[in-house]
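> In case you want the letters, here they are:
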Amino acid sequence: MFNNSKEIIKVKDLTYIYTTVDDEGNEVIEQTDAKQANGLQGVSLSVYEGEFLALVGHNGSGKSTLAKTLNALIVPQSGDVEVFGLNTKNHKDVPEIRRNVGMVFQNPDNQMVASIVEDDVAFGPENIGVPQPEIVERVNWALSAVKMQDFAKRTPTKMSGGQKQRIAIAGVLALKPKVIVLDESTAMLDPQGRKEVLDTVKRLNKEENITIILITHFMDEVLDADRVIALDGGKIVMEGTPHEIFAQEQKVKEIGLDLPIISNLAHQLNKKGFDLDVNVFDVEKLGDEICQSLLKI
Amino acid sequence: MSIVVKDLNFVYSPKSPFEKHALINVNLTVEEGDFLAIIGHTGSGKSTFVQHLNGLVKLQSGTIIVDGIDLSQKKIDYKKLRGTVGMVFQYPEYQLFADTVYDDVAFGPKNLKLSKQEIDERVKEAIKLVGLDFDYVNQKSPFELSGGEKRRVALAGVLAMRPKILVLDEPTAGLDPQGKKEILDLVTSLHKTMTPTIIMINHDMDEVARYANKVAVFDMGSVKYLLTPEQLAQKQDELVKMGLDIPTLAKLKNYLANKGIVLPDDCITVEKMVEYLADIKAKGGANV
Chain A
12 MFNNSKEIIK VKDLTYIYTT VDDEGNEVIE QTDAKQANGL QGVSLSVYEG
62 EFLALVGHNG SGKSTLAKTL NALIVPQSGD VEVFGLNTKN HKDVPEIRRN
112 VGMVFQNPDN QMVASIVEDD VAFGPENIGV PQPEIVERVN WALSAVKMQD
162 FAKRTPTKMS GGQKQRIAIA GVLALKPKVI VLDESTAMLD PQGRKEVLDT
212 VKRLNKEENI TIILITHFMD EVLDADRVIA LDGGKIVMEG TPHEIFAQEQ
262 KVKEIGLDLP IISNLAHQLN KKGFDLDVNV FDVEKLGDEI CQSLLKI
Chain B
89 MSIVVKDLNF VYSPKSPFEK HALINVNLTV EEGDFLAIIG HTGSGKSTFV
139 QHLNGLVKLQ SGTIIVDGID LSQKKIDYKK LRGTVGMVFQ YPEYQLFADT
189 VYDDVAFGPK NLKLSKQEID ERVKEAIKLV GLDFDYVNQK SPFELSGGEK
239 RRVALAGVLA MRPKILVLDE PTAGLDPQGK KEILDLVTSL HKTMTPTIIM
289 INHDMDEVAR YANKVAVFDM GSVKYLLTPE QLAQKQDELV KMGLDIPTLA
339 KLKNYLANKG IVLPDDCITV EKMVEYLADI KAKGGANV
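Those protein sequences? They're chains A and B, same order as listed.
Numbered according to the numbering used here, the first sequence spans residues 12 to 308.
Numbered according to the numbering used here, the second sequence spans residues 89 to 376.
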């Protein structure tokens with residue numbers, strides 16, 4: 012559905028292999044548990060304006076590495092990453108790229124730089140030399156966008172993980188990025204915190220037309236994405252809508268991922284002679300399907 | 089009886105402007121052999137509660153008896169207590185510190201002043217228990233290992249104390265689906281073979297449904313409910329009001345019941361659900 016939108020990020024034949032130095036001082040290629048080279052190998056993809064893209068894959072599949080190439084935290088060893096037409100290899104373009112692509116990481120406590128919420132959010136715009144009155148405006152706007160405006164004068168230390176992550180998102184928003192990358196930003200949160208962060212992200216995607224790239228291990232978080240890309244061994248192995256991905260039970264399990272439990276149940280029941288729609292992810296819809304199939308006999 | 093907690097109260101920063109009643113009249117009994125899941129959202133008191141169990145937090149009021157050790161007494165044998173209750177914190181891999189995996193796992197037993205031979209035996213046993221290859225890992229730096237392996241080493245360090253009660257605070261946080269399953273299967277096998285009592289803080293209700301035999305629901309510093317995972321289905325509205333959830337398939341079970349398809353209580357895992365629904369289908373469908 013976004014193929015008609017503007018292509019804003021273009022990754023072409025991206026390769027980045029982590030290396031390490033062995034006891035003899037030689038550079039060697041790092042290996043994952045599966046004894047594959049650790050990193051990315053020949054990855055190509057496009058990200059379109061306004062889409063909600065989910066990146067999934069087991070630990071070590073390369074998704075965080077890919078995310079880090081999108082705002083030049085990692086520069087490709089070969090291949091190219093172009094962000095709004097700027098190549099991440101050109102050092103002088105890096106500040107502009109980072110203004111456009113904001114990152115939110117996993118641990119909320121590692122992302123706070125100031126002891127008062129509004130100072131923390133102001134840190135980014137201050138650094139890029141935004142004039143003072145506009146900083147105030149941006150901070151207020153960013154905090155309202157994540158529904159944390161009442162906490163502007165408070166200290167983040169006593170807040171919940173979900174609140175801290177929303178402040179981290181506000182800090183990124185204050186730079187007015189066009190893309191936000193969330194690298195497992197919900198992994199350390201409780202269900203309520205996860206919901207707060209996801210609702211915030213979805214709202215920013217819909218209302219502010221910010222392109223979202225969400226990296227996650229929670230398959231239920233993927234369901235709202237427009238498109239899902241699955242990585243395994245540093246390569247893209249699946250791509251499609253959540254429905255298209257989770258219809259392929261075998262393949263999803265092969266790459267070390269899981270189906271959302273409702274979809275898994277539908278697949279298992281079909282093996283026992285049911286004829287359920289496996290593209291159903293919510294309890295009520297599957298419930299209705301089961302009723303129909305049992306009551307019509 | 090394994091753990092008996094009576095009228096436990098705990099206040100952070102008492103008599104200061106930051107005074108906070110973290111635990112209010114908590115009563116809870118955990119029997120030997122239980123796999124207890126503790127659920128509750130941030131600030132409900134669950135971490136403060138588990139920190140009492142091996143004396144990390146000093147008892148203020150109430151009584152706690154852990155495997156015969158009375159924590160309300162003035163003199164507590166902490167060495168014995170900490171050998172009895174093994175505590176695995178959130179992201180335990182961040183607590184690894186030694187130069188080699190061997191030394192890290194040996195740290196606890198060394199502090200118990202055991203003989204060299206006994207320490208060696210325990211380290212080998214613990215590393216084997218968590219499913220790592222002793223010869224491959226024992227002389228490696230823990231920091232060379234992958235995230236999942238590091239977590240196993242941290243767990244081995246606790247198991248080397250041969251605890252009777254294992255407390256785990258969100259053992260699956262941050263792992264991928266495969267990693268989660270491996271850790272929980274490991275805990276289940278420890279429960280069967282080595283540590284009779286497991287207490288696990290976990291937010292994922294589907295994991296709770298699959299692995300635990302009892303669930304304590306913490307809310308605002310108290311134990312609101314102590315029930316079996318099967319009984320969670322009956323508390324759907326109450327738990328949702330607390331900002332918690334019930335297992336996905338318990339929701340489905342309730343939904344189907346409203347439509348006239350009533351399933352047994354234990355229908356909260358995929359396997360059971362498939363078994364019963366296939367059975368109904370084979371018998372010619374539901375009679376509504």
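Wrong hints could be hidden among the right ones.
As the list claims (entries may be wrong) - Negatives, chain B to chain A, calculated, CB over 10 Å:
1. Thr130
2. Gly150
3. Leu217
4. Asp221
5. Tyr299
6. Tyr313
7. Asp333
8. Tyr343
To be verified - With a Cα cut of at most 20 Å, we get these calculated PhoX-like pairs of lysine-lysine:
9. Lys283(A) <-> Lys329(B)
10. Lys268(B) <-> Lys169(A)
11. Lys264(A) <-> Lys268(B)
12. Lys206(A) <-> Lys360(B)
13. Lys103(B) <-> Lys283(A)
14. Lys206(A) <-> Lys17(A)
15. Lys296(A) <-> Lys347(B)
Hint data in this document are derived by calculation from the structure and do not stem from the laboratory.
Quick reminder that beta carbons are idealized off the backbone N, C-alpha and C, glycines included.
> Run every hint past the structure and note whether it holds.
Results for each hint:
1. Thr130: Violated: least Cβ distance 5 Å, not greater than 10 Å.
2. Gly150: Holds: least Cβ distance 26 Å, greater than 10 Å.
3. Leu217: With a cut-off of 10 Å, leucine 217(B) remains clear of chain A, as the shortest Cβ separation is near 19 Å.
4. Asp221: The claim stands: aspartate 221(B) keeps its Cβ more than 10 Å from every Cβ of chain A (closest is about 12 Å).
5. Tyr299: Holds: least Cβ distance 14 Å, greater than 10 Å.
6. Tyr313: 17 Å, holds
7. Asp333: Answer for aspartate 333(B): violated, closest chain A Cβ roughly 6 Å.
8. Tyr343: The claim is violated: tyrosine 343(B) sits with its nearest Cβ about 4 Å from chain A, within 10 Å.
9. Lys283(A) <-> Lys329(B): It is violated: about 36 Å lies between the C-alpha atoms, which goes past 20 Å.
10. Lys268(B) <-> Lys169(A): 29 Å, violated
11. Lys264(A) <-> Lys268(B): 14 Å, holds
12. Lys206(A) <-> Lys360(B): 29 Å, violated
13. Lys103(B) <-> Lys283(A): 63 Å, violated
14. Lys206(A) <-> Lys17(A): Measuring from Cα to Cα gives roughly 29 Å; hence the hint is violated.
15. Lys296(A) <-> Lys347(B): Answer holds: lysine 296(A) to lysine 347(B) is near 13 Å, not above 20 Å.
The structure does not agree with the numbered hints 1, 7, 8, 9, 10, 12, 13 and 14 stated previously, though it agrees with the rest.
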